[in-house]
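J.: Read off the chains here:
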Amino acid sequence: MMRLLSFGLLLGSVALSPAQAAPPTGVQAPALSPADAAMLAAGEAELLRAMQMEIPGQAAPYYVAYEFLDGQVATAHADSGVLLSFDDNPYRNVRVEVRVGDYQLDNSRFEGGFGVREGVAMKGLPADPSTIAFRRELWLATDYAYKGAAEQLSGKLSAREGRPEDDHPVPSFEERQGLTTAPVPMPSLDSAATLNRVRELSKRVGDLPGLENAEAIGRDWVGRRVLITSEGTRAWIPTGFSVVRVEGVVRTPDGRRLRDCRWWVARTPEELPPLDEMVAEVEQMAATLEAAINAPIEQDYLGPVLFEAPAAVELFRQLLLPEVSGSPPVEMAPDPYAPADSRPAPTARVGRRLLPEGWTVVDDPTRAEGTAGAYTRDFEGVEASRVSLVENGVLKDILMSRVPRSNTHGSTGHGRGLGPDPREAMPGAITVSPARSMSDNKLRKRALNLARQADLDYVLVVKRIEPPALAEDFEVAFTGDGPLAGLTRPLEVVRLYRDGHEEPVQPGMSFLGVDRRVLRDIAAAGGVADMVGVLDAPAGPRRHSLGAVGGLPASWSVPSVVVTELELRAGGGGQPRAIPAPGE
Amino acid sequence: MKLTVSARARIWPLLCAMCVASPAFASDGEDILLDSLVTEVDRTMSSLADAEQPPYWIGIGVIDRHTVSLTATHGAASVPDISHQRMGDVDVRVGSFELDNTHKIRDAGWFDAPERFSVSLPLEDDAALIRRAAWKSTDDTYRAAVRRFIKVETNNAVKVEREDGSDDFSEAPAIVDVRQVERVDFDPAPWLDILRDSSARFLDHPAVHDSNVTLHIQDDVRYIVTTDGTRIRDQRVNIRVSVWGGTTAEDGQELQVYDHIDTASLDGLPTAGQVAEMVDGVAEKVTALRTAPVVDPYVGPAILRGRAAAVFFHEILGHRAEGHRQKDEDEGQTLTDKVGEQIFPPFIHVHDDPTLKNWGEQDLNGHYLYDDEGVAAQRVPIIEDGVLQGFLMSRAPIEGTARSNGHGRRQPGSAPVARQGNLVVSADDGVPYDELREQLIERVKAEDKPFGLIFDDISGGFTLTGRGIPNSYAVQPITVWRVWPDGRPDELVRGVDLIGTPLVTFSRIVGASDATQVFTGMCGAESGWVPVSAIAPDLLVSELEVQRREKQNDRPPLLEPPAAVVLPTGSAKGGAR
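So the sequence lines, in the order shown, correspond to chains A and C.
The C-terminal residue of the first sequence carries number 584 in the numbering used here, and the numbering is unbroken.
The C-terminal residue of the second sequence carries number 1577 in the numbering used here, and the numbering is unbroken.
Chain C on its own, in the form it takes in the complex (with noise of 0.2 Å):
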């Protein structure tokens, strides 16, 4: 990666972190990373083979991280944030793929998890330190491995019979597939000018606080080594040009404004025109948010746009289609016996498809070949007509399912369970965006409802899946719109959440529009945070309900922003106010 400094960044003395950690592969020769890996899976299997408990699968995964973040506010620029780091995963399974040791230990209790042992791997490719750190994380993990067996075990025979009689693993056939590799090569300098530019014109609007732009790049390259046989070597590159703003409202409500454009390379970067819009926009949104009203608690008509709908699905339903959630006898199971049966209306279809690379212009974040697992990834049906057709699964089988169709994933540090990748909405018989408008104007005039919503982006949510607590979501939008059906101009409000139970919610959708929008983000769950990609478009929904969000109490600041630099003719003295 090349590094380059502007003039104005030259102050700071050095920016060479990724001069002594270069990128550690060779792209067609010799991986001594990867031939190191091999090495010692193969080598645990042949000297553990005639163990007491020998294992009956190893994997490891290691993450070759690169980073480069460049941020500026106010129009000044922070220091490139450069690190390379190497994060790697052992996972070894003991006793059998019917029954091992990652197998669930009912009613142990939620801090019962088979444990983890990071993997301290050098960023220079030594093969000797690679393997002893291999060796010792494989060692230790082997170990907790029996110990943790002989409670499975037990627990099995003490607890009633598992509703789930599945296995826990499933096999997988080989997959060798090297992929030549080619670092992102990077020159920070114009890109350090145009964020200062764009940071600057939050100066420009008093009413945002705080405010950032922020350039982020990542650049993976993954290994996977499994005693199936499989070695793959892939890399992957996420960029993202981020905006946001903040301000506390009068009744000391915080409120943020996010935006982000995501690209798997260079070329899909915006321009510096293009980052500036997307500042005006943020710097608008927070300011008028700022002296919008807040929306009492209201149970009405709305429509969710592309990308608030695409958020929306993910959470109520993507969550809940994931495969270790019908085995698992603490979740609500909301899905595991409905396959088959209407869940949502006939014109309502939906899948996954890490495959997908992109939408339309859209790089996809979800989008990869094989998952955390070694499996390749595959489209997944998940609703057909409104009828659940199956679930998203990982190398754990279920009933009726007993092969992963490519979704276990996980970040560095966690075991991988079935996770989305792009979730793709679809409808039948969308209609434009303003038909399905007035759609919703007649709904609340039908209803004789005071207002409709629309939901017009959305900053994120989560889902409740447990049996333990209620089965239901929230969702927090930034923007939603009051729709008055005596047409008046719409009025954008704040302070609300989206939040429902989703069988009721799933039944609920009445309407889409022929257009769909792209969320790209990350997701967090069991096995960590993952990026991930969900398409759909806008939805009209007969009933949904908002709460009021929870909300700060801090006054706004005391004083005005500063503004223009003013230097003080005398010094600060204190004591005589």
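Okay, chain A solo, but in the shape it has when bound (with noise of 0.2 Å):
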């Protein structure tokens, strides 16, 4: 096993999302900014022309769609108080996607290899409301995506040559009609607010013994998307998202590093909780952490686990985010040294159980008002849609962009993706009910049942587990490999006693061999959660590469639950500083 080292609190990808409910269509439109009227004015003119583009006996475009995106994004970074960075930038980029051939058959979703073009480019546009200027830009990248788009479907083609036909394709994309919505002003920021909310969190850590870092984290980004197409759509969507991340590290006497970690997602700086809520949480995150400087080492553990609601979200996301998400995998260039069957293993499978019998699951983020999953349209424009996912513990429906694939229906407008990404169907806000739920107290009695039955004088509750965003390593997996984590570390891990008492452990221990089919052995679970935010992408790697600040924002409410079954591995040891720190 090759593990990589990463830094949890880097500055992630800038990555777009949609978020406030945009005006419906025939709303009084109110006048437009000189910049809007420019980038509109750029994008009908060049867009006109796009269509006319052709390589002679090469597929012409049949969709051409401009992504104007503007706004501003102000990211803080402080440690105990103090600014290590603060960058507070306005943006304009546009994506351009062109799509050749049909409907039916076209060059998206397909792998040719290093260095084959696809038919998106990206590109930052001046401040400036500059019609020509605009057209410039969007000349070269139609021209490129094109080009990128033609290349890539010769590939795909090339790639289904001599495979026996389909008796029934599933069209390339989801032909729908244009729509058209009201423009959204620019919304305001304020950038004080973010680094000031970034130095009192990162202060409130406090100076704990051994302390290393006491650093937080926050980025604001208020923006909007506006969508132009070849099929008449003129949308605009609101964008952005806020996020704050802080970290304390410290280390043992005898070495260990320790970390914890807090972390709120919300849709704007306005739905963020209260500072003096998020104070509370970090200073109570700095007294957990200094109560496990002396906390007993947890040495490797084979029995139930509880997890609180918290740590049941990351359990829920990592793990069911790929099984609810229908876009279908992305054909590859047939490879000559695979086996025969090298086709890409099945995803999200209609009627597999998911979940132990009774439970459900929904996505809906139109009624999530006030949480970071909310939204009404996707990044491809379309209405979002409540889905019911998981029924009686079985996957009934899943999760839709415009890619369609072969046992379902057209989007259900959970097309979303980072920068020039493809769209892709990711959850927006969903909730995970079970068929019964037990008090907390109940729960605990519960899984000390279960921990007497496999001989443990206690059980282990998982109260908070690592957001991929902070996971400071990853595994890549080589054949002959042991098992993988499956999940982030825990962060916070306490034993509870039969007596009811509990006892901290030292963070560091990780996961061993965890997969979707964990879930299906929950053993019980609480009541009815709070929606927590997350910022996530749509499955695939770049889930685990999105830094801190990075990704699409979504919500889930997960309730505590219990695992009959989980191992987990003791942390590793550590190195004291050779030289003492400073004042010591």
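For the record, the hints were derived by calculation from the structure and aren't laboratory data.
Ideal placement from N, C-alpha and C gives every residue a C-beta, glycine not left out.
A portion of the hints provided could be inaccurate.
Said to hold, decoys possible - Residues on chain C that point at chain A, a partial pick, calculated with CB under 8 Å:
hint: 1; residue: 1040
hint: 2; residue: 1051
hint: 3; residue: 1054
hint: 4; residue: 1074
hint: 5; residue: 1076
hint: 6; residue: 1123
hint: 7; residue: 1129
hint: 8; residue: 1131
hint: 9; residue: 1132
hint: 10; residue: 1135
hint: 11; residue: 1205
hint: 12; residue: 1207
hint: 13; residue: 1242
hint: 14; residue: 1429
hint: 15; residue: 1557
hint: 16; residue: 1559
Since each chain sits alone in its own frame, please combine them into the complex, following the hints.
T.: Below you can see the structure in the form of structure tokens.
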């Protein structure tokens, strides 16, 4: 197994997300700003020209989309109340997508290998509202994307050559009517508040013994997505999110590095919790970290595990997301060295049991007002809808973008993606409901009963799991390696004894061999939980490289759960500092 | 730094990155950053004094960098990019000056190098946090040094005796020079208008597909604190106005022309008219290159104009005169044993002098008073009367040269090695350029060659100095002219790179002009990118070789560039083509 170190609190890629509800069609449009007028004029003019592009003998564009993205992003990073970095930048970009062929068979969702372009290009645009300058950038980006799309389609056709024809071919792209929404004015952002929030929270980690880091990083992002397509769509979609992450790191006298984090994700800065609530949580984190310094070191553990609500969100979202996202796998160029059947593994199989009997999972971004995952239109301009994903523990329906798959309907309004990436189905606002809910007290007793059956004096309670964005390591498996963790590390673990008292153990443990089947081993669950905001990405490796403040906002409500049996490995050792800390 | 915005830029709500990232120094009083670094270096040495393997030298370097970048394309400006960052480097040596942890572990592969740890310094002057950041990085670096030194000692014992038995590090006198610094006070508004207006001129040149005009200001305050007792605070300002234009030729070759002016102060900025001239020049060159013929591979006489000759010398001689290359047994060591030998014609002289601030009106990029190891910069003769005199030295000694001559340089994040500063090439008996051109034509005729070449300007180049690969160079010209012996006008050509091997090329220089030109730019090597300059006269070379340049294959854009604003009468709707 190879482990590669990555740093937890890195500025991540700027991801793009929808957020607030757009005014419905027909609402009196506000006057366009000069920049908006220039964007529209440039987009309309170049769209007309783009549809005339042609390379002799090659498929012509049948769909062109210009996605203008403009707004403001403020990112602040502080340690112990002192500023490490601060950026406050307006931005304006355009994502150009060209599809060649037709709705039934086009270039998209094919990976031709290293160096083969696709039908998408991103370009920065000037700040000044200049139609001609915007058009120049659109012209070159569209040309680049069209040539990429033509080559991508040829790769796809080449890869399919000689394969038996599919009896029920699935279209490449869902055909939809264009739509128009009213312009959305540019929101304002108080970046001083971003800065002050981060300063204050990093300060509140306090002066712990052995303190090495007391960092907070925050990003507030407000903006709009203006979608202009050859289908006639002219949609204005608000975009943005606010995220704050706080990290404390201490080193014990014997050299162990202990780390804990807190984080908040909301749709807007105003929807973040009040500062005093966040401060209280950070102070509680500091107290937990301090207590962990002298806590016992848990050895390898095999037995039941109680995941309290915040940890349960990570358990579910890391394991469940790939099972409910309906975007089909990307086609690949044939690999001459691969086994004969090198088709990608099927994903999101309707009819598969995912959870115990009686459990339900619903995604509904339209009824999640005030949470990070609320939105009315996805990145493809499609209205979000409620999807009943899991009924009685079995996957009944899946989330869809405009990329169809064989056994289901069109888009559910869940098509989103990072930067130039394809728009893929990913959750917006998910609610997980058990068949029966227990009180916290009863849930604990149930966990202890399971521990007793396993001949254990205590059960491990996982209170928090690090989100992938804050993970400091990741795993890559090669043939012959042992099982992977399958879940990021627990940050906060306590032993729960039969007499009801809790004893913290030192952070640093890791899970072993967790996969989606664990969810079927849930023995009991607590009551309805609050929505928790997260930053995420469509299923795939990008989920693990978002950085601390990158990703797309989503919300998950998951109750506390007891899993019958899990394996956790003891944390590794550490090395004391050779040089005493300043002031020691 | 003062920042205001013009009316046209006011659509953007906030430009206040600098408001919270104010310059962090006191010019004539307490400097919290400097004092904190000194405290940590001293404390570390004393606290590790009794360690089993104590450090014998520690150095911390910090760059406090403010940058402003303004860009415009086709008459429209982007949001000014304003940033402030502090970048720290900690170097810890264990062992002794004779043998320490930085010693090369032989046969360990390309990836063996002393570990380096970033220093996450705050932007604000908080002594406790600065000290904590320095402490963590110093501790990480020290422990890595101890680990590596174990391997160094064994490697030294297991392997054969080194060809160069010199020490790993040399002593250097302590320098205490805490200079007054004054941050650049820049108002971007007038310059945004200059960039807008000048970039709009490209719209009159349809052959130029993409372009921009940029102003970049980098204002560095540098700190160096070492256990030698060195305490340096100094400042370096680099301001660059650049113009870039690009296009795609019909054969797919991407053609790019870049012009720039470097200056060390706002006073040296070009006027709006000069920037407009730069734009016109770039646009005309791009347009001409787009239809210029491609030259086949060719060997024959050529002239390198001053700037091209300067880059040429930087690549083929300058890099080979860097001290550490004489010691590394993986290096080709072209010049190592040639000190005192004639390697150039006797009329050629070369020296490197970082103490030069300017050359005539031109500020020099390679100017500094102290290198990044805290050693005073010195003028170093490299070639006199065609004879090799010596090498550019960092604090890593080589056989025959035990001390640094102030050329240990680095980009933040890398370990310093010997690098060039201002490389100055001069020639005896230079002639006016026109006469040199006549000499070229005479040679073409005498050798019965179809044409000669003039390399007018060069975008950059690289040189290979290792043993495992051919010891050669390649230089990428921007503009090359074909000179016909029959009196036809010179013809602009494209699609070639200048290639060769160093020792042969040195001996083929047969003449020079009586005027010099200056190249200013950045040089990338083992220790990252450092600013450099090179100065040279036009050179006549009896034989130079060109090879075809790497070519791209995309067709030029399928549609004509958009012209004036034409608002469509209806929306574009697909499906009905």
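J.: Could you run down the list of hints and mark each one as holding or not?
T.: Each hint, compared with the structure:
Restraint check, residue 1040 (chain C) versus chain A: the minimum CB separation of about 7 Å is within 8 Å; hint holds. Hint status for residue 1051 (chain C): holds, given a least beta-carbon distance of 7 Å to chain A, under 8 Å. With its C-beta approaching chain A no nearer than about 10 Å, residue 1054 (chain C) sits outside the 8 Å limit, and its interface hint is violated. The closest approach between the C-beta of residue 1074 (chain C) and any C-beta of chain A is roughly 4 Å, which is under the 8 Å cut-off, so the hint is satisfied.
Taking 8 Å as the C-beta cut-off, the interface hint given for residue 1076 (chain C) holds, the closest approach to chain A being about 4 Å. A least Cβ separation of about 5 Å between residue 1123 (chain C) and chain A falls short of the 8 Å threshold, and the interface hint therefore holds. Here the hint on residue 1129 (chain C) is kept, as its CB sits about 5 Å from the closest CB of chain A, short of 8 Å. Using the Cβ-Cβ criterion of 8 Å, the hint placing residue 1131 (chain C) at the interface with chain A is satisfied: the shortest such distance is roughly 4 Å.
With its C-beta approaching chain A no nearer than about 6 Å, residue 1132 (chain C) sits inside the 8 Å limit, and its interface hint holds. For residue 1135 (chain C), the suggested interface contact is upheld, since its CB lies about 5 Å from the closest CB of chain A, less than 8 Å. At about 12 Å, the closest approach between the beta carbon of residue 1205 (chain C) and any beta carbon in chain A exceeds 8 Å, and the interface hint on this residue is violated. Violation of the interface hint for residue 1207 (chain C) is found here, the shortest Cβ-Cβ separation to chain A being roughly 14 Å, above the 8 Å cut-off.
Because the closest C-beta pair between residue 1242 (chain C) and chain A is about 17 Å apart, greater than 8 Å, the hint is violated. The beta carbon of residue 1429 (chain C) is not positioned within 8 Å of any beta carbon in chain A (closest approach about 51 Å), and the interface hint is therefore violated. The beta carbon of residue 1557 (chain C) is positioned within 8 Å of a beta carbon in chain A (closest approach about 4 Å), and the interface hint is therefore held. A cut of 8 Å between beta carbons decides the hint on residue 1559 (chain C): the least distance to chain A is about 6 Å, and the hint holds.
Hint violations for this structure: numbers 3, 11, 12, 13, 14, all remaining hints satisfied.
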